[in-house]
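For the record, the sequence lines run as chains A and B.
Residues are numbered in my numbering as their position in the first sequence, beginning at 1, plus a constant of 325.
Residues are numbered in my numbering as their position in the second sequence, beginning at 1, plus a constant of 127.
A hint or two may mislead.
[Unchecked claim] Incomplete in silico selection of chain B near chain A, CB under 8 angstroms: (1) Gly149; (2) Phe151; (3) Asp159; (4) Pro185; (5) Thr188; (6) Met194; (7) Gly410; (8) Asn427.
The hints are simulated quantities; they were obtained by calculation from the structure and are not laboratory data.
Only a predicted model underlies this, so the values are computations on that prediction, with no experimental measurement involved.
In this text, a Cβ means the ideal position worked out from N, Cα and C, and glycines have one as well.
One-letter residues, chain by chain:
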Amino acid sequence: MVKKKIEDLLVTGNQRLNKDYFILTLRSGDPLPAIFPGQFAELRVNHAGDTFLRRPISFYDVGREHHEIRLLIREVGSGTRQLGMLGPGDTLNMIYPLGHPFTMVDGKEFLLAAGGVGIAPMLLLGKTLKQAGKRPVFLFGARSKEQMFDLTEFEELGEVYITTEDGSMGKKGMITDHPILETGNFDGCYSCGPEPMMKAIAKLATGKEIFCEVSLENMMACGIGACLCCAQPTVHGMKMACVDGPVFNTKELLW
Amino acid sequence: MVDLQVNLGTLSLKNPVTTASGCFGYGSEYTDFMDISRLGAVFTKAVTRENREGNPSPRMTETPSGMLNSVGLQNKGVDYFINSIYPTLQQYNTVFIANVSGSTLDEYVEIAEKINALPGIPAIELNISCPNVKKGGMVFGTNRKSASEVIKAVRKVYRKILIVKLSPNVTSIPVFAKTAEDAGADAISLINTILAMSIDAEKRKPVLATVTGGLSGPAVKPVALRMVWEAYHSVKIPVIGMGGIRSVSDAIEFMLAGATAIQIGTANFVEPAVSINILEGIGKYLERHGFSSVRELIGNLEMPEGFERFRPKTF
Ligand SMILES: Cc1cc2nc3c(=O)[nH]c(=O)nc-3n(C[C@H](O)[C@H](O)[C@H](O)COP(=O)(O)OP(=O)(O)OC[C@H]3O[C@@H](n4cnc5c(N)ncnc54)[C@H](O)[C@@H]3O)c2cc1C
Ligand SMILES: Cc1cc2nc3c(=O)[nH]c(=O)nc-3n(C[C@H](O)[C@H](O)[C@H](O)COP(=O)(O)O)c2cc1C
Ligand code: FES
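Looking at chain A on its own, in the form it has when it is part of the complex (with noise of 0.2 angstroms):
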C-alpha cells in the first residue's frame, strides 16, 4: 500500500470555469506518490470559520513530470468557497492519496456516466483507460449549460455525450434517458454523481450483465478508517467508503 502522507502544496494556478466550478492546480516539492483515478485527497481549509474538518476532494489529473495535482472543486458550502479563493503562491495543505482507485479490467469500450461535479473523477480515469488501449465514452449530465464547462480535455481522449435537464446543451432529460445507453456497446460502465443516477446505471450494467463501479460520496470525518463514520453496507458487511471505497463494484452494494 501506497504510504499516506500530510504536506503542503504550493497553489499555482486557480481557473474558474463558471459560476460554480473551479479548477485548483496544484505544485509538490517532491515526486508524487503513484495515485490512481477514484482516490482523493482530504483538504485542510483555512480561514473559513464554519469549516473544521477537512474536506474530501478526489483527484481530477495528475501530472508526474512537474509534480503536478489538478483538482476540480464545485461551490457548495463555506469550505468549497473558501478553496475557492486560493490563488498562486498560496499553501493547501492536504492528506493523500486516500482510497481504493477504480478497478481496471478486460474489455474495450467503457462507459464513464457522470453527473454534476461527479464529473472530477472522469478525466483521470479516461486518461488510464486511454493508456491501457481502451475507448472511454463519457456520458455527462448538468442541471444547465451554465453547470457545464469546456470539456476539450475529454473530447481528446473519447466520444462525449452531454444531457441537461433544462436542454440548454447536449440531449435534454437526465443521464439515463440517453440513447447512447441503449445503442453503446460496452463491456463496463463507471460512475459517480447523484445516488439516484448512479443507481439507474448500476441497474442497467446487472440487466446488460456487465462490470459496474460507482464512487460515492458519503460523509466523512477522518478520511483514513479510523473514525467509523462513512460506513456503507455492502453484502460483505459494514465497510467504510474511506478506505475500501470511495469506488464499489455495484454487486457489492445493497441497492
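Keeping the supplied structure of chain A fixed, place chain B with the ligands upon it in accordance with the hints.
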C-alpha cells in the same frame, strides 16, 4: 530533560498524551503519519461482546467547531479483538487500553473477564457513557445505582487498572465521579460526547439517521474543562481529561484543571499527527515555566483570592 511520566494507579505512562477511543482506530491507521510508540497510551475503539454493525448512515455531520457522530459502537466483537486485533498490537511499543462497552451488566463483565487474560493490555476503560446506543452505554452512566452496580461487577473480575469513562449528560459530575471511585475504579476519564442534534432546515429533517448524536471537538472544550475540574476535586483517584483538545495550550489547561493524563479525540481527524505536536509542546511549556516534572501541572491552578475551595454540593 523534563520528566513526563505520569501514573494511573500502578500503571505508569511514559507521558500524559494519549488518544481517545473511537478517534484513533487501533493505532495502525496513524502509523503513516507518526510514531505511535511515542504516545502515553492509545485507547482503542469500543469492544462489545458480539459483532456490531453500528448505526445507519448518515452517522456524522459537522457543527460549528465540532462534529456530531452516531457511529454506535461498530466493532467485530471481543473474540475477534482477542484473536485478530490484539496480536497486531504487540508489534508496537505502545500501551493499548481497551474501551469496553455493553448493553447489559453481564456483557460488560464477560468482556472485562476476557480482556483481563490478555497480558499486553494493562487497563480497560469502561464506557458507561456512549450516547449512541439504545440499550446500555449511557443508560448505565447516567443512573447512579446502575453505574455503581456495573462498576462493582466488573471490579470483581478485572484485576488490572480499571478506568471508568463518565458521561457529561448528567446534572452532577461529582456524584458520578464519587460513585465510580466508591465502586472500585482506579481512575476516571471524561468527557464522552454530549448528546446533541442537528437539523436540515431545507429538508425539515434531522441530519443524522439516528436523529441525535454525540457532540465532540473544540465546541465542547469549555464544558469538558469545567467537568474535569469538578471531578478532580471530588475524588482521590486520577482523572483523565478530554473534550476538544487540539493544541498544546488545551492540553495544559486540562492538566491544570486536574487531569493526570489527557486524551485527544476529534482533533486527530483534522491533524493526524496532532498528538505528537502536543507532546512536544508540553515539554517546551514545562521548560519555559521551569517545571521539572509534568506532574507538577496537575491541578496547579491559582484560584482568585477569596474563592472557596471547590466543594461538591450534591451529596
Ligand atoms: C470521496 C469524495 C470525493 C469528492 N470529490 C469531490 C471533487 O472532486 N470535487 C468536489 O467539488 N466535491 C467533491 N466531493 C464533495 C465535497 O467533499 C463536498 O462538496 C464538500 O465537502 C462540501 O464542503 P463545504 O464546506 O463547501 O460544504 P458544507 O457547508 O459542508 O455543505 C454544503 C452542502 O454540501 C453538501 N455536502 C457536504 N459534504 C458533502 C459530501 N461529503 N458529499 C456530498 N455532499 C456534501 C451537503 O449537502 C451540504 O448541505 C467529494 C466527496 C467525497 C466523499
Ligand atoms: C467518531 C467518534 C467515535 C467515538 N467512539 C467512542 C467509543 O467507541 N467509545 C468511547 O468511549 N468514546 C468514543 N468517542 C468519544 C471520544 O472518545 C471522546 O470522549 C469525545 O469525542 C470527546 O473528545 P474530543 O472532543 O477530543 O473528540 C467517540 C468520538 C467520536 C468523535
Ligand atoms: S471517514 Fe473516518 S472511517 Fe471513513
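Hints and how they fare:
1. Gly149: This interface hint holds because 7 angstroms falls under the 8 angstroms limit.
2. Phe151: holds, 6 angstroms
3. Asp159: Check passed: Cβ of Asp159 (chain B) comes within 4 angstroms of chain A, closer than 8 angstroms.
4. Pro185: holds, 5 angstroms
5. Thr188: holds, 7 angstroms
6. Met194: For Met194 (chain B), the interface hint holds, since the closest Cβ of chain A sits about 6 angstroms away, which is under 8 angstroms.
7. Gly410: Cβ of Gly410 (chain B) sits 22 angstroms from chain A, so the hint is violated.
8. Asn427: Status violated, d = 30 angstroms.
In this structure, the hints that do not hold are numbers 7 and 8, in rising order.
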